[in-house]
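*Asks:* Produce the complete structure using the sequences and hints provided.
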Amino acid sequence: MDIGTVLGYGIAWGALGFGMWHITHGAIGPYIKPTEVILVGGCAVGAAIAGTPLKAIIASLKASKKLFSGGHHDTAHIIKEIVGYAETARRDGVLALEQASKDHPDPFMRRGLQLTIDGTDPEVVERILRIEIDAMIERHKHGKHFWAAVAKFGPGCGLLACLVAQIALFKNLNGDPAAIGSALAVALVGTLYGAMIQNVIAGPIAEKLGFISKEEAFAKEVMMQGLLSIQAGNNPRVVEMQLMSFVTTGQQQVMMRQAA
Amino acid sequence: MDIGTVLGYGIAWGALGFGMWHITHGAIGPYIKPTEVILVGGCAVGAAIAGTPLKAIIASLKASKKLFSGGHHDTAHIIKEIVGYAETARRDGVLALEQASKDHPDPFMRRGLQLTIDGTDPEVVERILRIEIDAMIERHKHGKHFWAAVAKFGPGCGLLACLVAQIALFKNLNGDPAAIGSALAVALVGTLYGAMIQNVIAGPIAEKLGFISKEEAFAKEVMMQGLLSIQAGNNPRVVEMQLMSFVTTGQQQVMMRQAA
Amino acid sequence: MDIGTVLGYGIAWGALGFGMWHITHGAIGPYIKPTEVILVGGCAVGAAIAGTPLKAIIASLKASKKLFSGGHHDTAHIIKEIVGYAETARRDGVLALEQASKDHPDPFMRRGLQLTIDGTDPEVVERILRIEIDAMIERHKHGKHFWAAVAKFGPGCGLLACLVAQIALFKNLNGDPAAIGSALAVALVGTLYGAMIQNVIAGPIAEKLGFISKEEAFAKEVMMQGLLSIQAGNNPRVVEMQLMSFVTTGQQQVMMRQAA
Amino acid sequence: MDIGTVLGYGIAWGALGFGMWHITHGAIGPYIKPTEVILVGGCAVGAAIAGTPLKAIIASLKASKKLFSGGHHDTAHIIKEIVGYAETARRDGVLALEQASKDHPDPFMRRGLQLTIDGTDPEVVERILRIEIDAMIERHKHGKHFWAAVAKFGPGCGLLACLVAQIALFKNLNGDPAAIGSALAVALVGTLYGAMIQNVIAGPIAEKLGFISKEEAFAKEVMMQGLLSIQAGNNPRVVEMQLMSFVTTGQQQVMMRQAA
Amino acid sequence: MDIGTVLGYGIAWGALGFGMWHITHGAIGPYIKPTEVILVGGCAVGAAIAGTPLKAIIASLKASKKLFSGGHHDTAHIIKEIVGYAETARRDGVLALEQASKDHPDPFMRRGLQLTIDGTDPEVVERILRIEIDAMIERHKHGKHFWAAVAKFGPGCGLLACLVAQIALFKNLNGDPAAIGSALAVALVGTLYGAMIQNVIAGPIAEKLGFISKEEAFAKEVMMQGLLSIQAGNNPRVVEMQLMSFVTTGQQQVMMRQAA
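Protein chains in written order, with the working numbering: chain U, 1 to 260; chain E, 1 to 260; chain L, 1 to 260; chain B, 1 to 260; chain Z, 1 to 260.
No wet-lab data here; the hints were simulated from the structure. As the structure is a computational prediction, the values presented were derived from the model and not from experiment. One or more of the hints may lead you astray.
Treat identical chains as interchangeable: a pair holds within one or across any two.
Unchecked claim - Restricting the straight-line Cα-Cα distance to at most 27 Å, the calculated cross-link-like pairs of lysine-lysine (BS3-like) are: (1) K33 <-> K62; (2) K102 <-> K214; (3) K102 <-> K62; (4) K33 <-> K80; (5) K65 <-> K102; (6) K214 <-> K66; (7) K80 <-> K141; (8) K80 <-> K214; (9) K33 <-> K141; (10) K65 <-> K141; (11) K62 <-> K80; (12) K102 <-> K66; (13) K141 <-> K55; (14) K80 <-> K102; (15) K141 <-> K102; (16) K171 <-> K214; (17) K214 <-> K141.
*Replies:* Encoded structure:
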């Protein structure tokens, strides 16, 4: 459970709700306009759907669950695991990694281990795994894209809604000030919804999916370097030393203290 | 038929139309101003034409039909096909691919197969096909560019129209409020049209063409890697394993289950 | 004569002129303010001059004539020419290209042919021609930059003019409404000019120069690959096949039909 | 102590405070609205938290202390140190660097020296240190990201606050002018806070963290090149000459004069 | 003396001054508000200082003198010089370049000649000079950054000043219209100053410094290629032909005519 997403949205929406409630002395009715919800939301979501292949939209929605499941990409843990495999390979030969290549939860690691066991040529292994990482990054971009498109079209559609309301208003300027004020408020609600889509709905999702993608690619890079080092027949200590380059100095010291 | 484009535009325009209809209680006349259509649309399209070579404009219009024909780039299908070719080549020699090199619907695949059959040097094959992919990506950028230019110039031309109307208005401020309101409404219609061009007309087209281009390049990359692997005389299982790097873990498992 | 630039500007300015003429019922006087022309235009051009070396400004102005002369970069034509050279070289030796290396209208092709005739080392030829392409792209960026700078500073200077007029206005708010309206109109004319510079004057020029540069680089890339293929002593059919990667499938088929 | 950060914030906030104080004749009360602080600040910080993994947020906060501690990355000093090591290695062998590899304050240098002493293969050393620099740059991006996100969401959330206040206001347009003015002032305070977050709070922090990251990467690049040169058994003068490429001509002359 | 910078600023400021003078009939007092100068200027400069390390600020100020000294990077001249060195080296050996390596005004050329005379390994020479060019580009970015930051923070701080003034104003809406107008004018002066910082003060400086940096890097690239060609023992004609790739066709012809 990634507490960050929940916490962040909680703070942002809490602050927004508190502001609305405080400024209107608790009468937040004026901020809720179903017509504007349909107009702004439908327009932004529709434009994003029109601009994104269906496959990418589905990928986006699937990727969204990662926002809450949190990243399990503990680099230190991956390094320990790989050093363990290096020790096994050293002691009992790479064939002893057979079991791990079937049981490991991460399919990338399973595949990499299988290639190592098969004695595939190191250059081929690197090419296969590199393609896999690059294809994953490309797919992640799709996953992020739909939310980024919604966030991007949000303010534009808020502007559309605002203009639609204002045009209606200016055709009827003879009305009483209260009616004009009320109509202007409706126009501003459209702008508000557009800004909300960008700032407290879709924007942070797109940002975070981009981040999670980088973390996954980073974790897979560590795995790949480790597997290639095992395949090169390196001593477990050398494998460890190579992989420690991926972590901070602080983490390096913690890991060395644990190892000692 | 790519349902996504139709669906997305349907939702966006539906939401916009509903909003206009609801806010004016069904009198959507104020949103339809032929003069502003000519002013904003002509200005944005004209600026985009001036900024794009004619060849690229024609490419843009041709590319637009892809928005509805949908992408036929099913990576799993391509992989199966290539593995089939690898089996044929293994069993009967590469010359047995002659028929496929004539019948395949994709000219890139035909060309690649022909080069393979001709026994062209692998490095030359890779260079030729790589140039073909790169040149295609470059052409696709042209195809996307015109729509992106229309989308970019849209809001600027909406602003032009709004200013043109407001300047006319402010020269005649002595008029009655109704006339002023009506003139202001005309000014806002210009802004509305500019925002519509960007958000619910040309913007999503440009976005989607960019996406489709990436998908085509991805599909051709898979084909190229597969053909090179066949040419290297690899076992069909090795060809398959190499190409599976291009698909998700989920797809990998589906494909392995089907193969088993 | 590149009809696109003329056509595009014609449409954009026609639409703008029609809009002004229609909205004011033919009295377009309010849109013409010499002071604002000097203020906005001088400010944008001056800022662009200050931000661009004189050499690059001269390059910009020279490059502008390309907007109307059109691109003569017909890839199919270049390919045919090079295949012809390959046939000559095959039949009579590379020295037979001497005449072409003196008569060809494109200095890049002349230089490339000369290097080929001189029997310069292929790697050196590639490096020399690559530097020439890269240096050309760099110079083209300069040529585009001045117009891009004018387009970028346009709206900012329009805002400056608008603020200058509004500040003068607000110091004299006691005047009659007609005077205020007229002054506001002047302020908006400044904004209008800024938006015009960006959208219907300098913006499309900058866009198109960028495009033309890419096309020239593309044409020179085709020439370079062809010359290197001739130098490698390739069969004219192989040279043709390699260069056909640069054109679309449709063009490939047209060319093959013509050749057959 | 990096005087720049303190000085810059002092000038910016001093100018802002002076402006507020002067314009209101010392009554700066209207600029202080706790509700708007909660609304704008909470919304921007919440959106940034939702868009950033917790790990990266913590990295951001840790990185912030670098803003004040200043950069200790004196390239000239690093070069002198490495030339000293080169002299030691020349005179007494690389094993004589053992002590330095334990005492040096920078863990990257310690690690690099240790690898050199161990006689690790130069290509492996380069790869390990390169991964370490790249991973550091990646982590620094995370450290910068949170502040950049706060700066980015700031104006959007200021707009949200402004709209929330204006909508409440327009529902009650019948009030007296003073009340309306006061309510409009509250709306503008929201916008003001958003602009402050971007311009005088989070924006400069994000900028400076980006700078500091580049400087650290630059310093580590110098160290790596120096260590590789020592490992190649180069003469201390050659090591020095190679590293002097990293500094300006002015610094080169100063260093040569000191050395002479 | 680079006439471009002076000319550009002259035109921009002339146009702005003329506009102010003409619109107010010569009473430009309303545009001069010391409080706003302090508020907007202090805020933008302070934010830029806070976001830039002190070293980079000093580099920025030093780099600014280049705006007026003009670029002495005449590629044709550099080529002639290097061809002269190639002739000397051919005739009298590279040691005859000793004098030039001491007298040349450009330290990069001096250093390159010295490395050539020392008979340093060509790959090492290329690496050293490449690092020098890259480090110079990096430093130039710092030099440009401060001005770019001032330009970027300018409009934001102009908005801050405008909001500060408007908030004060709306608290006192009961005042007479003249007072309100005057206060609004003050608010707009803040916006004006922000737009001026971006468009006619810091923006062009940042643009031009970026340009000058590219030109210096280009000139040094020409020098490096020439020196490497001399070191490879190439014939002066070959050196010339290689370097001519860096100049336009027009310049090539001029140079060849002069040489003939």
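*Asks:* State for each hint whether it applies.
*Replies:* Okay, the hints, checked on the actual structure:
{"no.": "1", "hint": "K33 <-> K62", "result": "neither (30 Å within a copy, 41 Å between copies)"}
{"no.": "2", "hint": "K102 <-> K214", "result": "within (26 Å within a copy, 34 Å between copies)"}
{"no.": "3", "hint": "K102 <-> K62", "result": "within (25 Å within a copy, 40 Å between copies)"}
{"no.": "4", "hint": "K33 <-> K80", "result": "neither (55 Å within a copy, 52 Å between copies)"}
{"no.": "5", "hint": "K65 <-> K102", "result": "within (26 Å within a copy, 46 Å between copies)"}
{"no.": "6", "hint": "K214 <-> K66", "result": "both (13 Å within a copy, 24 Å between copies)"}
{"no.": "7", "hint": "K80 <-> K141", "result": "between (30 Å within a copy, 25 Å between copies)"}
{"no.": "8", "hint": "K80 <-> K214", "result": "within (21 Å within a copy, 30 Å between copies)"}
{"no.": "9", "hint": "K33 <-> K141", "result": "neither (34 Å within a copy, 40 Å between copies)"}
{"no.": "10", "hint": "K65 <-> K141", "result": "both (16 Å within a copy, 24 Å between copies)"}
{"no.": "11", "hint": "K62 <-> K80", "result": "between (30 Å within a copy, 26 Å between copies)"}
{"no.": "12", "hint": "K102 <-> K66", "result": "within (24 Å within a copy, 42 Å between copies)"}
{"no.": "13", "hint": "K141 <-> K55", "result": "both (12 Å within a copy, 22 Å between copies)"}
{"no.": "14", "hint": "K80 <-> K102", "result": "both (18 Å within a copy, 24 Å between copies)"}
{"no.": "15", "hint": "K141 <-> K102", "result": "neither (29 Å within a copy, 36 Å between copies)"}
{"no.": "16", "hint": "K171 <-> K214", "result": "neither (51 Å within a copy, 46 Å between copies)"}
{"no.": "17", "hint": "K214 <-> K141", "result": "both (10 Å within a copy, 11 Å between copies)"}
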